[in-house]
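Take these sequences, add in the hints, and give me the full structure.
The primary structure of each chain is shown beneath.
2 protein chains.
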Amino acid sequence: MKILVGYKGVNVGKDLIEIAARHALAFDGQVIVVTSMIGGSNTDPTEIKVAEDNLAEIQSFFKEKNIPCEIHLLVRGMEPGEDIVMFANENTVDEIIIGVRSRSKVGKLLFGSTSQVVILQADCPVVSVK
Amino acid sequence: MKILVGYKGVNVGKDLIEIAARHALAFDGQVIVVTSMIGGSNTDPTEIKVAEDNLAEIQSFFKEKNIPCEIHLLVRGMEPGEDIVMFANENTVDEIIIGVRSRSKVGKLLFGSTSQVVILQADCPVVSVK
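One line per chain: the protein sequences are A and B, in this order.
Letter by letter, the first sequence follows residues 1194 to 1323 in our numbering.
Letter by letter, the second sequence follows residues 1194 to 1323 in our numbering.
Bear in mind the hints are in silico, worked out from the structure with no lab data behind them.
A few of these clues could be false.
[Unchecked claim] Listed next, with one range per pair, are the computed distances between beta-carbon atoms:
1. Val1268/B with Leu1218/A: 36 to 46 Å
2. Thr1239/B with Ser1234/A: 56 to 66 Å
3. Leu1218/A with Glu1211/B: 15 to 25 Å
4. Lys1256/A with Gln1252/B: 12 to 22 Å
5. Glu1245/B with Glu1272/A: 15 to 25 Å
6. Glu1283/A with Ser1297/B: 25 to 35 Å
7. Leu1303/A with Thr1239/B: 36 to 46 Å
8. Glu1245/B with Asp1237/A: 50 to 60 Å
9. Ser1234/B with Asp1287/A: 41 to 51 Å
10. Met1279/B with Gly1300/A: 17 to 27 Å
11. Gly1270/B with Leu1302/A: 16 to 26 Å
12. Glu1257/B with Lys1256/A: 33 to 43 Å
[To be verified] Using 27 Å as the maximum straight-line C-alpha spacing, the simulated BS3-like pairs for lysine-lysine come out as follows:
13. Lys1195/A with Lys1195/B
14. Lys1195/A with Lys1207/B
15. Lys1323/A with Lys1323/B
16. Lys1201/A with Lys1323/B
17. Lys1242/B with Lys1201/B
18. Lys1258/B with Lys1258/A
19. Lys1242/B with Lys1195/A
20. Lys1258/B with Lys1195/A
21. Lys1258/A with Lys1195/A
22. Lys1323/A with Lys1201/B
23. Lys1207/A with Lys1242/A
Glycine is no exception: its CB is placed at the ideal position from the N, C-alpha and C atoms.
If you want it as structure tokens, here you go:
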């Protein structure tokens, strides 16, 4: 079983990676953690560096639990939702896990467009974690 | 592990219950299948009968696989999304599985409001199945 984790690149969503670890252990699966950034003038190089560091930290977390883990930073000019779905299809993953914690400026919980695209367009089940 | 399946009451979403069975087996869990209807003048009594029959059929499916399964038809005047979240909290479930296959009249895939409410308001991970 291949589990793709869509990771935003900022902070390390602890709930997200813990759920992913639980699923990987239960299904004897492997984890692929992906951060998607548009790139070009849309993406600040320091954001890319932060995402790389966070991905490396996440990979260590899984390695410590003996869970096979690949990390990928995708910078190919695509919106993150479509990019994650395309990557999932290219790699025939069985499940996608994403975080859906987005808040508006006044603190209202919002449904991020990336999450919506992934949930509606993915060919496999999508696990949403707050 | 308690897995709540939010089931609309019409058709038997085969993908939905197969994913639920796979999760229940992997996590050695039990399944609670819930259909929520508002009731009163909002709900046609024949819809309730159809939902009851479908729930019974779903229960047989899990029983055949030796997966513990409860079924509940909730008719308590609440919108289905809020009802499912409240029931999940009352029963301290660990995961909710829902179907997100809704189409507009012109065939466009839509994000149903019930799914959105469940994904945003649930206290546990939510698995969306198309």
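A quick look at each hint next to the structure:
no., hint, in the structure
1, Val1268/B with Leu1218/A: 36 to 46 Å, "holds, 38 Å"
2, Thr1239/B with Ser1234/A: 56 to 66 Å, "holds, 58 Å"
3, Leu1218/A with Glu1211/B: 15 to 25 Å, "holds, 21 Å"
4, Lys1256/A with Gln1252/B: 12 to 22 Å, "violated, 42 Å"
5, Glu1245/B with Glu1272/A: 15 to 25 Å, "violated, 43 Å"
6, Glu1283/A with Ser1297/B: 25 to 35 Å, "holds, 29 Å"
7, Leu1303/A with Thr1239/B: 36 to 46 Å, "holds, 38 Å"
8, Glu1245/B with Asp1237/A: 50 to 60 Å, "holds, 56 Å"
9, Ser1234/B with Asp1287/A: 41 to 51 Å, "holds, 44 Å"
10, Met1279/B with Gly1300/A: 17 to 27 Å, "holds, 22 Å"
11, Gly1270/B with Leu1302/A: 16 to 26 Å, "holds, 24 Å"
12, Glu1257/B with Lys1256/A: 33 to 43 Å, "holds, 40 Å"
13, Lys1195/A with Lys1195/B, "holds, 23 Å"
14, Lys1195/A with Lys1207/B, "holds, 22 Å"
15, Lys1323/A with Lys1323/B, "holds, 20 Å"
16, Lys1201/A with Lys1323/B, "holds, 23 Å"
17, Lys1242/B with Lys1201/B, "holds, 13 Å"
18, Lys1258/B with Lys1258/A, "violated, 31 Å"
19, Lys1242/B with Lys1195/A, "violated, 40 Å"
20, Lys1258/B with Lys1195/A, "holds, 24 Å"
21, Lys1258/A with Lys1195/A, "holds, 16 Å"
22, Lys1323/A with Lys1201/B, "holds, 23 Å"
23, Lys1207/A with Lys1242/A, "holds, 20 Å"
Violated hints, in rising order: 4, 5, 18 and 19; the structure is consistent with all others.
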